[in-house]
Each structure stands twice: as C-alpha cells, then as structure tokens.
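Visitor: Those sequence lines, one after another, are chains A and B.
The opening residue of the first sequence carries number 0 in numbering that gives the first Met the number 0; numbering runs sequentially from there.
The opening residue of the second sequence carries number 0 in numbering that gives the first Met the number 0; numbering runs sequentially from there.
Please keep in mind that the hints were generated in silico from the structure rather than gathered at the bench.
Incorrect hints may appear among the rest.
Just so you have them, the derived chain B footprint on chain A, three or more residues with Cβ under 8 angstroms [to be verified]:
hint, segment
1, 51-63
2, 67-77
3, 81-88
4, 142-150
5, 214-225
Listed next, the in silico DSBU-like pairs over lysine-lysine satisfying Cα-Cα at most 35 angstroms (straight line) [unchecked claim]:
hint, chain 1, residue 1, chain 2, residue 2
6, A, K171, A, K142
7, B, K194, B, K7
8, A, K171, B, K198
9, A, K171, B, K283
10, A, K171, B, K194
11, A, K142, A, K108
12, B, K283, B, K177
13, A, K108, A, K171
14, B, K198, B, K287
Nothing here was measured: the structure is a model prediction, and the numbers come from that model.
Glycine included, each C-beta is placed from N, C-alpha and C at the ideal position.
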Amino acid sequence: MSSESSPLTDRPELTFAAAGVDALLMQFGQTMDPCLPGFLAQLRQRILSELADVVHEVVPAYSSLLVYYEPRAVRTFDLEQALEQLSQDVPWLCSPWSTDADTPGQLVKVPVCYDPRCAPDLESVMALTKLSAEDIIALHSDKDYQVYALGFAPGFAYLGALDEQLQVPRMKNPRTHVPAGAVGIAGQQTAVYPLESPGGWHLIGASPFVWFRADREPMTPVQVGDRIRFYAIDYATYEDLLAENEKARSGAQQ
Amino acid sequence: MTGFRVLKSGILALVQDTGRLGYQHLGVTRGGPLDARSAYWANRLLDNEANAAVLEITAGGLEMEAQTQTMVALAGGDLNLTVNGEPQVPWRSFWVRQGDRLKFGTPRYGFRAYLAVSGGFTTQPILGSRATVMRDRLGGVHGQGRPLQDDDYLPCKHLSEEGISRQIPQNYLPQLGKQIILHLLPGYQQHEFSKEAWKQVFQQEFTLSNDSNRMGARLTGEPIAVPEREFLSEGISYGAVQVPANGQPIIMLDDRQTLGGYPKLGNILPLDGFQLAQCAPGAKIRFKPIHLAEAQQQMRRYLRFFGL
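Chain A on its own, in the form it takes in the complex (with noise of 0.2 angstroms):
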C-alpha cells in the first residue's frame, strides 16, 4: 500500500474503470493523502444532488468513489463526463488540519482505555517497538487521524496515519475473535473493532464508543473526511461508560 505522502498541492488525476454492470469506479490516483477524504466527501454530496436521477449510491473509499448508477437511465459515457466536470467543480482546499469552519471535517474525541486489561498486545507492541507503555499510548493519543473511510462493517472507520514509531507488521496469526471495542494497530492504521470479528491487528487498548447504531440519525457519529482523536480513559471509567452504553441500548430497545 502506498504510504501517507505529504499533502498533494494538486488534485490528483481522475481515471475511471468499470465495475460491473451498474457501477462505476472514480479512482482518484493510488495515494493515502490526507487532502483526498474531504475533497471526496463534497464530491460525494454533490453527486448525489445533481445526479439524484441517475445515481443511487456513491461509496467512498481513501483515493476512490465507487458510484452506483442506473444504466436504463443514462448512458456510460455520458454519466463519466458528467462526473468528470462535478470533479473539476469541488474546490481542491488542501487543508483538512485547519479548523475553519469551511473545512468538512469535525473533530471527535474517542475514549480509550489502554490499560493492560484492555490492552492484550500492549507487551509485545512494545517488544516490536522498544518503546515503553507510556510512549505508545502517548504516541496513538496525541494525534489527529483523518478518517479514511468507512467500511469492513458497519461504523468501522479506516484511520491514518499512525506514527512512524507505532507502526507493526500485522499479526501472523490472526485472532478467530477480537472483542468489539478493540483498539488495533497495523502498519500506518489504526481502527477499532465495532464489532466482535475476526482480525490481525495488534490490539493495544478497548473503547465504549459507539461507532454504529441504526436507531440513531446520524447512525455513525463520524463521517470520512472527519477527524479522529483518543485520549486515554482508566478502567473504571471505561466499565462505566460500558455500562452506560448497556443502559441506553436496552432503554432504546424497550
């Protein structure tokens, strides 16, 4: 995977690939590029507005849109010069660490409770690293992450990028069950699980945020082209706010 560069002063070149019989691929070069989640995310809006009639789904992904359209309504070529001038439309604003109020992105602060009991892999992090506890965890917490993408399951944010000192091969055995709310690192990402699922991050603490629920609008509170900070929780604190998560799901229930 192409690393994280220093942000592209231009935009990238857009090339178009087909992806079945009703989608289309946007691919906006091959590079992780903090100045791409922004800029896709307008992009995506503006689709979905001016082309509402033709298009009915627009994913995006860290250098991509795949756009789902209806081939009884437009032609091919047609609907790829369309996107095409929607592409030369949105501003490049290559500036996503501003706080501006221009800039799309938000910034959330997620808990994290990097605590031994939380944090099952924290020993051999720092064996791979040669960096104590506190380093590691001062060395995730203190960072913007641009949220890349959403996908893999539901509310499950793609972030980068990790600190050059952070980054670890991915595990060569990977676990059959990570708990939701782990906290993994692998190469320049970084993610929590939302959910218990198979993987082969390293997992260096545990979360109670809450990335997806579909009796909430919006249903994930972070969107791609926002911004992801942790900052360290103890373990009290974390079962406390497990718990009230407990208390809100069963009262949403009911």
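Fit chain B to the known structure of chain A by using the hints.
Guide: Below, chain B alone, put in the same frame as chain A:
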C-alpha cells in the same frame, strides 16, 4: 399474530428482501437473495411486490409448521420439499393450511430454495429492509442478523380464501447444472493483470470451493498471476472477481464487505451470479468475456420482465 413456527432450522435459512440500499458508505452491507431471479419468481407467483420478504433456504433441512392459512410459492433449487409428507415440486404456488408441516430435505437439483408467502414475511424492517446480514448483525426475525433458529416465529398475514395455484411454464425455468459459464465484464484493475494471467482466467476450469458463502464464492484452480503492486481499498460492487495473493479468485456476492483492496479482474454478469448461487461446492466453472453494452442489454431484459 399469524405465521410459521420453525421446528428445525436446518443448515441455513434466512429472511431476505432486496436489501439495504443507500448505506454502503457507512459500511453497511446490502444483503439480499443470492439468486434474486428465483426470489422474484416466487413473489411473482403470488402477485407480491418484488421487494416482499422471502425465505432463502440453503441446502435444506428446514422444517416449519403453518400456524395460519395462506398461499405460498416455491422457486429456485429443488430441496425435496414435502408438505405433510407429500412431495411438492418447485416453481409453483400452493395453499397451506393451519397445522401443515413443511419439510425441506436435501438438494435434488440446485442449492438454494426460495419460499414466498402471500404479502411477504412481516418481520421488523431495519434501515428499510428485512434482509438478514449475519456479518452486520442486522435484519432477520429478531433484527440482529441471526439466521432462523429452532422455535423462531415467522410472521405473515392470514388469507381468508384460497388463491389460484400457479405454475411457471417450463420454457421460463433457468437451467441449473453442475457446469456453468460466468460472463466476465473486465474492469477495476484489469490492466494490472498480465496477458498470461488473463489466459489463465479464460482457459481453465475452476472448481467452486467449500469455503464459499454469502460474502463470496471462492474458486480453486491453477493460481492466477497477481499484479505485484498493492492497491488501496476501494468500494466493491456485486460480482467483483478479486484475486488475493494465492491466485485463487473470489467472486464477491450480496453479503460482501463494502470495501476491499485485493486486485480485481472485473465483475461477472449478475444473471450468471444467480446460477452460481444454485451451484453446490464442487461445481465446475469457466469464465467468458462479455462487453458492457451486451451485459447491460441482458440485464435490461431481465429487469423489464419482472417490472423492476
């Protein structure tokens, strides 16, 4: 409440409708019947809406008791259904009375049966859909993505009068076989695969693997040479044929994850995907290229036929 009581859940039985539309950007999988055409046929036999919820029964074993009277329709694979011990052939609708026992056996041909009821199953919709997506914990009888379990209750409406039993004419029935051809529409990273790799794709016969599921149909064969560079994850559309490092293709189906980074050859024609859904593991599979215009025309014909 009226409906069906599940006596034995069998191998895998899922409530499905056309799926959750418009949430893939949040990571929510669409879901839906793997053999959508058969699901549409089952609903059409009852004059249901195309989106009415049906049961997708994989490989058989399901037993249910009717706790109401209604018309039901069966389409797709023949899983040796009996009603009170008497055999029922698929591709027709029939009347079911209170207390009737529906029992699916093992596959005679095909792999997935679709059972529709008049008006559709009326489980609680989540995000606009009743589709069961196990990996997302959404949909189904209790809303949490679980397949049918023993003692579940499947609600549907009561019919006061018996309807007309209908049957689909023989010449409309899809051909189900142990050898199928998947038309492949090149796309995605098509240019990143070598000429040799493409030869390997079109010249060999693949076998449908046991590890296949609703997320993806895994094929085994002579490994396909994969591009050396890595790609960033991107949106995965229905039927995408991805080739991970081991060179064994995976065809992404209705429960696919929304994003993935393996290099992709393109997508199969959805109509062929419906046939694939009726193949048991071990089936022999070949790829054949198709152009976008031809593929879209075939899909238009199919959608128009079902009034979609």
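Visitor: For A:K171 and A:K142, compute the direct alpha-carbon distance and say whether it is at most 35 angstroms.
Guide: Within the cut-off at roughly 27 angstroms; holds.
Visitor: Verify this for me: three or more residues of the segment 51-63 of chain A with a beta carbon less than 8 angstroms from a beta carbon of chain B.
Guide: holds (count 9)
Visitor: Run the distance test for B:K198 versus B:K287: straight-line Cα separation, threshold 35 angstroms.
Guide: 11 angstroms, holds
Visitor: Are the Cα atoms of A:K171 and B:K194 separated by 35 angstroms or less?
Guide: 33 angstroms, holds
Visitor: Are there three or more residues in the segment 67-77 of chain A whose C-beta lies closer than 8 angstroms to some C-beta of chain B?
Guide: Check passed, 4 qualifying residues.
Visitor: Has the given pair, A:K171 with B:K283, been kept, meaning a C-alpha gap of at most 35 angstroms?
Guide: Answer holds: A:K171 to B:K283 is near 33 angstroms, not above 35 angstroms.
Visitor: Does B:K198 lie within 35 angstroms of A:K171 when you go C-alpha to C-alpha?
Guide: 33 angstroms, holds
Visitor: Holds or violated: B:K283 and B:K177, Cα atoms, limit 35 angstroms.
Guide: 6 angstroms, holds
Visitor: With a C-beta cutoff of 8 angstroms, work out whether three or more residues of the segment 81-88 of chain A approach chain B closely enough for the coverage to hold.
Guide: violated (count 0)
Visitor: Three residues minimum, CB to CB under 8 angstroms: does the segment 142-150 of chain A make the cut for coverage by chain B? Let me know.
Guide: That given contact holds, which follows from 3 residues of the segment 142-150 of chain A lying within Cβ reach (below 8 angstroms) of chain B.
Visitor: Assess, step by step, whether the Cα of A:K142 is no farther than 35 angstroms from the Cα of A:K108, and give holds or violated.
Guide: Answer holds: A:K142 to A:K108 is near 11 angstroms, not above 35 angstroms.
Visitor: Under 8 angstroms between beta-carbons, do enough residues of the segment 214-225 of chain A, three at least, approach chain B for the coverage claim to hold?
Guide: Held - the segment 214-225 of chain A has 3 residues with a Cβ nearer than 8 angstroms to chain B, which meets the minimum of three.
In this structure, the hints that do not hold are numbers 3, 7, in rising order.
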